[in-house]
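Protein sequences appear in the order of chains A and B.
For the first sequence, position 77 matches number 77 in this note's numbering, and the numbering has no gaps at all.
Quick note: to get this note's numbering, add 1000 to the position in the second sequence (first position is 1).
Don't take every hint at face value.
[Said to hold, decoys possible] Each computed BS3-like pair below joins lysine-lysine, with the alpha-carbon atoms no more than 30 Å apart:
1. B:LYS1069 with A:LYS104
2. A:LYS130 with B:LYS1104
3. B:LYS1093 with A:LYS75
4. A:LYS218 with B:LYS1299
5. B:LYS1075 with A:LYS93
6. A:LYS130 with B:LYS1075
7. A:LYS168 with B:LYS1250
8. B:LYS1299 with A:LYS188
9. A:LYS72 with B:LYS1069
10. B:LYS1130 with A:LYS72
11. A:LYS322 with A:LYS130
[Unchecked claim] Not everything, but these chain A residues come out facing chain B in the computed CB check (under 7 Å):
12. ILE71
13. LYS75
14. THR77
15. GLY106
16. GLY111
17. ILE243
18. LYS299
These aren't lab readings, by the way, just hints derived from the structure by calculation.
Every residue, glycine too, gets a C-beta built ideally from N, C-alpha and C.
Protein chains: 2
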Amino acid sequence: MKKYNHKTLEIFIKNVLTKLKMDNKEALKVAKLIIQSDLYGVDTHGIFRLPNYVKRITEGGMNMNPNIKVIKERKSTALLDGDNGIGHIIMHKAAKLAVKKAAKTGVAWVGVKNSNHAGAGATYAMMSLKKNMVGIYLAVGSANHLPPWGGIDMLLSTNPIAIAIPAKSRPPIILDMATTNTSYGKVKLAASNNKAMPIGWMQDKEGNPITNPKDADKGFLIPIGGPKGYGLALMIGILAGTINGAAFGKDVIDFNSDFKTTTNTGHVLIALDIEAFMPFETFTNEIDNIWNVIKSSRKMDGYSDIRLPGENRHFLYEENIKEGIEINKSTILRLNEMATSLSVPLII
Amino acid sequence: MKKYNHKTLEIFIKNVLTKLKMDNKEALKVAKLIIQSDLYGVDTHGIFRLPNYVKRITEGGMNMNPNIKVIKERKSTALLDGDNGIGHIIMHKAAKLAVKKAAKTGVAWVGVKNSNHAGAGATYAMMSLKKNMVGIYLAVGSANHLPPWGGIDMLLSTNPIAIAIPAKSRPPIILDMATTNTSYGKVKLAASNNKAMPIGWMQDKEGNPITNPKDADKGFLIPIGGPKGYGLALMIGILAGTINGAAFGKDVIDFNSDFKTTTNTGHVLIALDIEAFMPFETFTNEIDNIWNVIKSSRKMDGYSDIRLPGENRHFLYEENIKEGIEINKSTILRLNEMATSLSVPLII
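Okay, chain A solo, but in the shape it has when bound (with noise of 0.2 Å):
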């Protein structure tokens, strides 16, 4: 595998999307929300989902300039309309909004309804970071891949979660996740990789692990704890798609096989302003503590180490800005090819 400047990722990014009609500008802006996945490690919703971006806006399915504004609007909530944009800008917009809202009353939801896949929710939540709050992010996956409990419809998508804590002198503590022991997008990966999953990420309409992610679309992904997975993945769609007036359940497109409809997907961003509840100076040497308490705890055997969450992200995104940015060549063959097909200059 080569690595690769994160800047010449960007600016590849950005040239495909202004030649797509992306305002110049907003395109860089897109470009790096994206790159930020990669340079966290977070492959799974970086650059790898480009070619898919790209075949929705060339298919119809994506508005390049969207009309982005609040249609319903209280002290502490908002409610934003996409207009079919690409979801990075809609939720970057989001994020600024209950920043901004959370800094007078303690607390902000931003709900957001007719967006698109907005790559790792981390991205959003961490916003809030800047200005000394916690950032919560909730999303309606972009593909239904599981069923309720019980059952073998997919209805339900991997809904994830981001949470973002400040701390003081360690990194801050970033847990984004799905709902089901795994995403989607490492089962695209692990495909693209050629590479077995392990057992517990998918089962077949019988039960039966799988394993071949080749096999993956005929079986479901397995929610965290089973029934209770299911629980927090229903409840998530709820709160970040049907109170916005976005699709969940039944309404969700496949932004994995249809590439013309509108997604019409749901977010929410939550901020939460820690100076409400103690000072920030305060609040930071305790999770500097809990940092310490935690990493100091004796080790099962087999583990070597105990990690926060997003602990590695933060080391990895050090190694990346240094090093560059390591893409497998799969995934640089599959960019250049379309790079190529819309005269683009090539990543090499």
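Given the coordinates of chain A, assemble chain B onto it according to the supplied hints.
Relative to chain A, chain B alone:
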């Protein structure tokens, strides 16, 4: 097992608490909040817990006449100091305050410190339903039975989340779950009933399953989805504990073994006004539709029914109101022993 009228049980609890110098009106309120769990079939969090509450009260670990007050406030947030009162009264106040604030600004986040065990989280999340709101409850569990992923030091609790979402002609959807595969209450109930636990509930320090609930103190609970459940438990603990100045991590007092030290339990109640996003009627119609679609999913082999979260509790409630609440002999024996020692009329 015998069935007991819920009013009989409420009066029993009220008699116990007033005997211990709780105000008459407050005692009746606590009694109703406790029995609400039993009515909904959550027998692990109802009257079953009373002997423990009483032990804490008689040993001086809980304040019978607390001065519960808001110590920090913004338009959409509040921090409530429970003054070491019983959790039920404190969380009842927190939920009322959250709903009142959310009616004005769309959403409210009320944090609580210096509280105690409050029974089932759903009790408080559901208080939002009467005002056409969504309720979300988070708490720091009252004893650490969970190590960080890969560790063996029990630094975390089952930190639960409860979410209540209103429907129209269907019962509301109520999720109330620990972030571990089971709650410690269920382990205790299994021990009390002399029943074996299924594999997946607990493991020992070498990672072997524990199925005898009498061996519970030799191991720890298993989080949902492995590292994901650990991450969720950690985040909920920080949001319900640390940010409120409540106990979290190594500072959590085990309320099953230490009855004297102030627990400083932390909780959060979030109320979200549905009308801030869409007309209430439109929303509840949609929830009814979701109910119907999920219920009619085709079933997996071995499953005769698909349930919405909290579906059963509503039918149990109606049944228990009419026919009485089933309580096992050993629990009645414990309750009546306690009543005898307090010279309070027994449950007959």
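Structure-based check of each hint:
Using a Cα cut-off of 30 Å, the hinted pair LYS1069 of chain B and LYS104 of chain A holds, with the two alpha carbons roughly 22 Å apart. The suggested pairing of LYS130 of chain A with LYS1104 of chain B holds, with an alpha-carbon distance near 28 Å, which does not exceed 30 Å. Pair hint LYS1093 of chain B plus LYS75 of chain A holds up; C-alpha atoms about 23 Å apart against a cutoff of 30 Å. With a C-alpha separation of about 16 Å, the suggested pairing of LYS218 of chain A with LYS1299 of chain B holds against the 30 Å cut-off.
With a C-alpha separation of about 23 Å, the suggested pairing of LYS1075 of chain B with LYS93 of chain A holds against the 30 Å cut-off. Of the pairs offered as hints, the one joining LYS130 of chain A and LYS1075 of chain B holds, with about 22 Å between alpha carbons and a cut-off of 30 Å not exceeded. Simply put, LYS168 of chain A and LYS1250 of chain B have alpha-carbon atoms about 19 Å apart, close enough for the 30 Å limit, and the pair holds. Between the alpha carbons of LYS1299 of chain B and LYS188 of chain A the distance comes to roughly 26 Å, so the proposed pair stays at or under 30 Å and holds.
Of the pairs offered as hints, the one joining LYS72 of chain A and LYS1069 of chain B is violated, with about 33 Å between alpha carbons and a cut-off of 30 Å exceeded. In summary, the hint linking LYS1130 of chain B to LYS72 of chain A is supported, as the alpha carbons are separated by about 23 Å, within the 30 Å threshold. Using a Cα cut-off of 30 Å, the hinted pair LYS322 of chain A and LYS130 of chain A holds, with the two alpha carbons roughly 23 Å apart. Here the hint on ILE71 of chain A is broken, as its CB sits about 10 Å from the closest CB of chain B, past 7 Å.
Because the closest C-beta pair between LYS75 of chain A and chain B is about 4 Å apart, less than 7 Å, the hint holds. Among the interface hints, the one on THR77 of chain A holds; its C-beta lies about 3 Å from the nearest C-beta in chain B, closer than the 7 Å criterion. Hint status for GLY106 of chain A relative to chain B: holds, with the closest Cβ pair at about 3 Å, below 7 Å. Of the supplied interface hints, the one on GLY111 of chain A holds, with its beta-carbon coming within about 6 Å of a beta-carbon of chain B, less than 7 Å.
Using the Cβ-Cβ criterion of 7 Å, the hint placing ILE243 of chain A at the interface with chain B is satisfied: the shortest such distance is roughly 5 Å. A cut of 7 Å between beta carbons decides the hint on LYS299 of chain A: the least distance to chain B is about 6 Å, and the hint holds.
Hints 9 and 12 from the list above are not met by this structure, while the remaining hints are.
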